[in-house]
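Here the protein sequences come in this chain order: A and B.
Be aware that the first sequence starts at 789, since it is given in our numbering, and climbs by one per residue.
Be aware that the second sequence starts at 789, since it is given in our numbering, and climbs by one per residue.
Hints listed in this document are in silico derivations from the structure and should not be mistaken for laboratory results.
Among these hints, one or two may not hold up.
It does not matter which identical chain is meant; a pair holds if it fits inside one copy or across any two.
With a cut-off of at most 25 Å between alpha-carbon atoms, the simulated DMTMM-like pairs for lysine to aspartate or glutamate come out as follows [stated by the list, open to error]:
hint	residue 1	residue 2
1	K895	E1013
2	K825	E868
3	K994	E812
4	K994	E874
5	K996	D837
Protein chains: 2
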Amino acid sequence: MRTQNLETLQRIARLGSFSLAAEEANMTLSSVSMQMKALEEELGAELFDRASRPPRLTPLGRRVAEQAGNVLHEDQVLRELCSIGEGLAGTFRLGVISSYATRLIPKFLQMAPMNAPGAEFDVSTGLSSDLSASVLSGRLDAAVVTRAGREDPLLRFDTMGRDPMVLALPKGARGETLRQLADELRFLHFQPLSGIGRVIADTLAKHKIDVRRARIFDSIETTMECVNIGIGFTLLPEPDVKRYAAADVKILQPKIGRVEREVALVTRIEPSAERWRGALLDMLATTERLAQGEQKRTAAGMDD
Amino acid sequence: MRTQNLETLQRIARLGSFSLAAEEANMTLSSVSMQMKALEEELGAELFDRASRPPRLTPLGRRVAEQAGNVLHEDQVLRELCSIGEGLAGTFRLGVISSYATRLIPKFLQMAPMNAPGAEFDVSTGLSSDLSASVLSGRLDAAVVTRAGREDPLLRFDTMGRDPMVLALPKGARGETLRQLADELRFLHFQPLSGIGRVIADTLAKHKIDVRRARIFDSIETTMECVNIGIGFTLLPEPDVKRYAAADVKILQPKIGRVEREVALVTRIEPSAERWRGALLDMLATTERLAQGEQKRTAAGMDD
DNA sequence: AGTTTAAGTTCAGATATTCTAAAGCTATGC
DNA sequence: GCATAGCTTTAGAATATCTGAACTTAAACT
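Please take these sequences and the hints and turn them into a complete structure.
Below, the structure is given as structure tokens:
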């Protein structure tokens, strides 16, 4: 089936004759005639009654011309998908680290239809290392991960932002440095296989801090809840700590220098990704900005 | 645009590689490759990332493959319209004489989706002569009309049924023959330009009956309402008289012999009409049978 | 790390399709 | 009945598409 033939059929139905259709489409009359002959042959149906001089559409031909409109409409939608110059067009399989998902995904999905009407997003969550591996193997197109250590040279990491890591201490804790606190309290260690966990483990190792009796959690919310009720202290990104900390939890910058987790968009290095990587980064940045603004407003509201 | 290319794209998206798609479709691998190259060219879009060896769909390619499904689905609908062997397929522009419309159209439109799922009907009403002219000129595909006198040789009339014409007399009328009644009462003459009107006029002329003070109406319901309240008598098809007559109205066979109106389906004589004329006649006959059954049941119900 | 294999791409030629222009029909209108 | 407009047909040219073979290369396997 060739869509041009359906267009010609529609034109004939609209204009009432082969010759007017030919004129409008800048084709020869014989082309029009041959196209319709081919269409009838392919469909195995009589679309025209050729006994009368402008050939008359049969009832079936009339209906087929109508249905041709549906086919052509879907075809048009397809072409418009492809002619979105700027902006995102396509179905993107996007991964987001669990520790960032809460902050990003709801707002992102809410904004997506406005920011990128030509795009669909299949979002999934996981650990930085798994997500990076999925991007590398092609199961995902892109992922938001925490940067850490060695990075595959086939992948590209575009930093989206840096969150300072802060200490969250339960009410009554006395120490002020990581080392002091590690002696005094149980350390709540975020899953070392995750990006944040790697940052934490690297920091502890670098300063040779021994956290005896550490507990491992793989949920930020759970970890903070444990801090809230005094089970131990932890080291986590500031925005997450502020989101979940109870009013009496003490928040400190670690004295051992700035500790950060760096959040990045990871994509494969390949020519076709150049078309959309920038737009996706823009969109994520916009979302982040809006989400942070909202969080601040919420926090402000809570102060009242 | 060629739908085959979209099918190939879908196959690749489903099977994951060009070669599997080629195998499934019994094509050579190079055909598949060339089709996809042509599709990308036509759409002006990169659908595949050819750096990796089964070429990977880009996000846009994934979305296009999905939308291709919509195009192909509409195409399939179109083909199925054409492959309805028996039965009606198409959009039929159908005329029905006003004096028959009440009896036929509601039931007909109600049954249509079941009886002829592949058909649509644009129904209009009018006089037999106008409807026949419309069929002849192609504004209608077929019409249900009253047969009368000379018929165009380019048209074909298939009789659907015959309604005996009966006299309807108001309460207290004394005459028993048309002639007696014409002397006694005002004659309510149905629109002589219509089919029924022609039958009436022909009958009166044939028997040289003079209906002084006749009144002309172009609605059966109005005519019968006038009989009901004693304004005059009339001669109309039995089913219509029975439908609208008040309980005290007297109904008589005319003594001058059987007077009938013959209802027929009129269509152009042309090869393509052969495909559907029979099916349409069947459908109308079925509808009529059901409608009559219903009318009888209603009448029986009223007797209770 | 080098080799093999499988999977795509490209090319040249064969085949099929579609177009144009001209000639041929035939309803329709005068 | 004749003229004309409108469609069909035909032949040949221009395109497009397919096949099979040679070529390339990513991924898998020593």
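Hints, one by one, checked against the model:
1. K895 with E1013: within (24 Å within a copy, 69 Å between copies)
2. K825 with E868: between (30 Å within a copy, 19 Å between copies)
3. K994 with E812: neither (76 Å within a copy, 57 Å between copies)
4. K994 with E874: neither (45 Å within a copy, 82 Å between copies)
5. K996 with D837: neither (91 Å within a copy, 46 Å between copies)
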